[in-house]
Amino acid sequence: MDVALTLNGRRVKRPVEPETLLVEFIRERVGLTGTHIGCDTSQCGACTILVNGQSVKSCTMLAVEAEGAMVTTIEGLAKGNVLHPMQQAFHEEHGLQCGFCTPGMVLSAVDLVQHNPAPSEGEIRHWLEGNICRCTGYTNIVRAVRAGAAAMQRASTGGGND
Amino acid sequence: MHSFSYFRPASITEATNLLAGGEDRKLLAGGQTLLPTLKQRLAHPTALVDLKSIPGFATIRHEADVVVIGALTRHAEVAASELVTGAIPALAKLAGGIGDVQVRNRGTLGGSIANSDPAADYPAGLLGLGATIGTDRRAIPADDFFTGLFETALQPDEIVTQVYFPIPKRAAYVKFANQASRYAIAGVFVSDGPAGIRVAVTGAGPHAFRLPDFERALERSFAPASLAPLTVSPDGLNTDLHASAEYRAHLIGVLARRAIAAAIA
Amino acid sequence: MTDDGIGAHLLRKEDKRFLTGRGNYVHDITRPNQLYAVFARSPYAHADLLAVDISGAAEAPGVVGVFTGEDLKTDGIGGLPCGWGVNNKDGSPMKEPPHPALAIGKLRHVGDPIAMVVAETLKEARDAAELVTYDVTQLPAVTGVADAVKPGAPRLFDDVPGNLCTDWECGDKAKTDAAFATAYHIAKLDLVNNRLVGNPMEPRAALGEYDPSTGDYTLHTTSQFPHVVRLLMGLFVLNVPQHKIRVVAPDVGGGFGVKQFHYAEEALVTWAAGRLAQPVKWVSDRGEGFLSDAHARDHVTHAELALDRDGKFLGLRVSTLANMGAYLSTFGPNIPTNLYGLLLAGVYTTPAIHCAVKCIFTNTLPVDAYRGAGRPEATFVLERIVDVAAREMGIDRVEIRRRNFIPADAFPYQTPVMMAYDSGDHGATLKKALDIADWAGFAERRREAAARGKLRGIGLVTYIEACGLAPSRIAGQLGARAGLYESANIRVHPTGDITVFTGSHSHGQGHETAFAQIVSSLLGVSTEKIEIVHGDTAKIPFGLGTYGSRSASVGGSAIAKAVGKVIDKGKKIAAHMLEAAEHDIEFAAGTFKVAGTDRTKSFADVVLAAYIPHDYPLETLEPGMEENAFYDPVNFTFPGGCHVAEVEIDPETGITQLLAYTAVDDVGTVINPMIVEGQIHGGVAQGVGQALLENCVYDPQSGQLLTGSFMDYCMPRADDLPNIVVATEVTTCRTNPLGVKGCGEVGTIGSPATVINAVVDALAGYGVTHVDMPASPEKIWRIIRAAAPHAAAE
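Residue numbers (the working numbering), protein chains in the order written: chain A, 1 to 162; chain B, 1 to 265; chain C, 1 to 794.
Derived by calculation from the structure, the hints in this document are not laboratory data.
Please note that the accuracy of each hint is not assured.
Mimicking DSSO-like on lysine-lysine, the simulated pairs with C-alpha atoms at most 27 angstroms apart in a straight line are [as the list claims (entries may be wrong)]:
no., chain 1, residue 1, chain 2, residue 2
1, C, 561, C, 593
2, B, 26, C, 431
3, A, 79, C, 13
4, C, 312, C, 173
5, C, 16, C, 431
6, A, 79, C, 565
7, C, 454, C, 312
8, C, 188, C, 561
9, C, 539, C, 529
10, C, 16, C, 89
11, C, 175, C, 188
12, C, 89, C, 123
13, C, 529, C, 565
14, A, 79, C, 89
15, C, 529, C, 593
16, B, 52, A, 13
17, B, 26, B, 52
18, C, 123, A, 13
19, B, 39, C, 123
20, C, 539, C, 244
21, A, 13, B, 169
22, C, 431, C, 13
23, C, 173, C, 454
24, C, 175, C, 106
Given the sequences, and given the hints that come with them, work out the whole structure.
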């Protein structure tokens, strides 16, 4: 069967088997490999993407369940060469080391700020329960999310002056 | 995963017919338990019948003195619902503590209870509030619903459609999570409401259950101190890598007292 | 001069590709005509493997090949080698049984690979792997070292009595016994260092390719040291000459030691690619990772510390049983011996030390290095028993450490267990850590917690470690079967842009930034003009790879040495251009200058002259500007520091919350403070994980792995940890040109003992002297209940 969805603003349609996972659709059928697979029990969150704006684990969703959905992966976050404020914050706060959990971590953080524009440290740590990082000890990730949230706020309120 | 067929019915009748239309077909709701099970090749359904396209299946509404939550309502929606947070904040808090954010964005009420995972949170909420489970053919009191390890009173082709939660005067849920999986090692839901005083436990036994002697003690006085003389027997409780039955029995007492304290706070 | 050289807080050059999803991990690489490999693995911990039936799998749809250990034998494929031979205390060699890439005749652990199925799709390979059947006779299994050494224990290898791989010792037994005979007090401690699984977030993967027209093999693999994989795989396993193998480790999603071994899967996909003349790819999933990655730690130890009346340490004796698993992994026997026993002096002047270690085979995954590798275990023993001694003697925990420190003016300092520490100031790191952690204010915080019904504890550790592995001469004496130098190549392009080729692979450590900073400082060139290339044997002269916190001190020093050669050549060219004597040329801040004059040539001018040698001393000097260096360190480096942890225990549930963590480390020269801080954060988190959350558990009867997924093996999450506070207190290393010591492992080395010292402190009111890791809620609850039955029953 075919699955058609909007991936990072582009309509894509690919044939899939019913058992094809959404992460397999994205990585193997479309060829966007920024979405990673770090476990097989829905724990690690490396495969986190946004489906209709909400963070989900793309390893725990069938491609057919995303029929017609708006899907954002890490490749869809930057505007051209300009990083999304959350990506930029991870860069500036050294919120990544090996980079493997990073796509899922960034997208999870973006979803957090959609719900909570100015999260506290505790709220960030709790929100990131579904994303495991083995490199950073999370200290800089938390810093990055706070900075990214502030930058997203500035970006969303800063454009309306003229 | 092994191969299977996939159906996306538009009505409950169609879903029921599809489910009955072949061997080993399974319903798919949020998929947060089912898909990991299939990925590990622990189940081999021939087809999945996806309920998510059925209209009106994911609504939350207020009816007289109950909150009615559609079976396909996601945990995140319950947690964020103004109606639920206003009427039964303990239930919203319970939903907001299931799994993690991503799981809550997919997992559903109906899927969770139909699975009757011994460590799931919702069963404690349903038992602890005296909820009623509505299906495509009948209403089942929560007290009769959870029958065993991953077993419920549902017929093989029966579909949960909604759950009726009586609005309590006061209620709270406290869980002690497995540090790895974040499932409940033990979770206790207490309430004082139209269904009486209820104390329900999840995570500790083969399925969620109530503690009648705790309830009787609380009927005399709804205060943590009422539970002080009571202990829980470890007999029949789960023992696993993370917690012995003895520890779980102890935790139930601690969590129950904390839940009461939270409910009256 | 540039402002982005050594010491600069420079944002990482490698970040952008990771932040935009353009990292290139092995799993991301797909080749035309690629096949997929899946391994059928042993469900038994111990069994005679009588027959393997591949007929069902071979006939399954899409299957291209099914291979067993017999096929490998027929093809002359060798077993996996061990890279380190550790002798018994009598000088005889360790037992080193063969480690077949696919099992032959016997299955020795759950997960032992039995057959490799190669098919056109991953699903077909998985389906077919389920069809591989085998006849076995199950045998009794043994998974714990204490059981494995008992008389009559199941034996893994016929020719390894008592499952004893090696019976090793270090130090002076007679001198230590004599010290104990004079002791005023002897503290004793039995402890277990829990088994861990490293779990880098990227599961291992390998993609083998073969070009029949040239006979060239290419392997892309998730490795910390591609050159060593090429060497071990080509020489010992596949019998393919080095120049016909290219090994590439592209972006690698964390290693922590787990990816520094040569694994069967990477050799087998390479071999199968040759057999089938098609690319063959294998990607582990997490569950398979638990059953195929080398595990870590797993010691059972008895330790005794002898003290005089004033609490001065007179002698230390330690005896340890260390689990090797079922086979020797690449560095397995080195970890609990050289990297453990030789660190037991710690930061103290203990004059006599004896350590006896028995390395034991069991029916478990091979055990090898994981971040810290031996040194966290040594620190745990020493820093725990120091706390025990302090409490028993009524001496303050800080004071007893101060009394025994090697004084700052005593360096270089020769310990009784071989190591010669070059530098350090442990009193300074201690003071700084206590200040930052507000040690003095703890009593008040404890009172406040008690008012809330919580048990608050504080703990500290003062530690030292040896890294920068290693002087080849010493390593050779200790049993290393390779040199442990590092290589670098500096290619200065005609434009003055620079490419640096290093054998130190980066998988999160930020080499692409930090190494550029080294070159920037030495050459006065902006880091924007410098690119670091690593991870490809076709590009890099040689490399021993990334482990043991050696990248800065050994890899970085190799780069510095190569830069030195560039500068030396530049001086010759500048001398010619400036018509001066070579010895009169100075180089600083990117400029060659005739000493004492204002006559100069910029680095760019000199480079250009080297590539356009119109006016150039061609009779004495080659054109071009590219230099190679191999650097072999003269000593280990010795980072050290003081860590402080503060915990709160809920006595009703037994759960421990880590509230604060302070790490003050002496890592030598700091190349990039941001990266150093990040490395320490991550290291601490892994050590905290061991102390509070992580535990790899086998069923002692069946030998089944009980913690085979993240559902049961607890990885630290963001809400398990506080902000980790990091500071440095630098004494520069005296034995390498950069003055660096290393920062990759310090966090993991100090933190397990620090956290447990805090947990024990919190429980001190119950008479608790030790808690084994992890300090899990039920364990703590039982300790409290046993000490105070009335309190627990309420």
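Okay, the hints, checked on the actual structure:
no.	hint	in the structure
1	561/C - 593/C	holds (21 angstroms)
2	26/B - 431/C	violated (64 angstroms)
3	79/A - 13/C	holds (19 angstroms)
4	312/C - 173/C	holds (19 angstroms)
5	16/C - 431/C	violated (39 angstroms)
6	79/A - 565/C	violated (44 angstroms)
7	454/C - 312/C	violated (34 angstroms)
8	188/C - 561/C	violated (48 angstroms)
9	539/C - 529/C	holds (19 angstroms)
10	16/C - 89/C	violated (52 angstroms)
11	175/C - 188/C	holds (19 angstroms)
12	89/C - 123/C	violated (51 angstroms)
13	529/C - 565/C	holds (19 angstroms)
14	79/A - 89/C	violated (64 angstroms)
15	529/C - 593/C	holds (22 angstroms)
16	52/B - 13/A	holds (21 angstroms)
17	26/B - 52/B	holds (14 angstroms)
18	123/C - 13/A	holds (22 angstroms)
19	39/B - 123/C	holds (11 angstroms)
20	539/C - 244/C	holds (14 angstroms)
21	13/A - 169/B	violated (51 angstroms)
22	431/C - 13/C	violated (35 angstroms)
23	173/C - 454/C	violated (45 angstroms)
24	175/C - 106/C	violated (45 angstroms)
When held up to the earlier numbered hints, the structure conflicts with 2, 5, 6, 7, 8, 10, 12, 14, 21, 22, 23 and 24 and fits the remainder.
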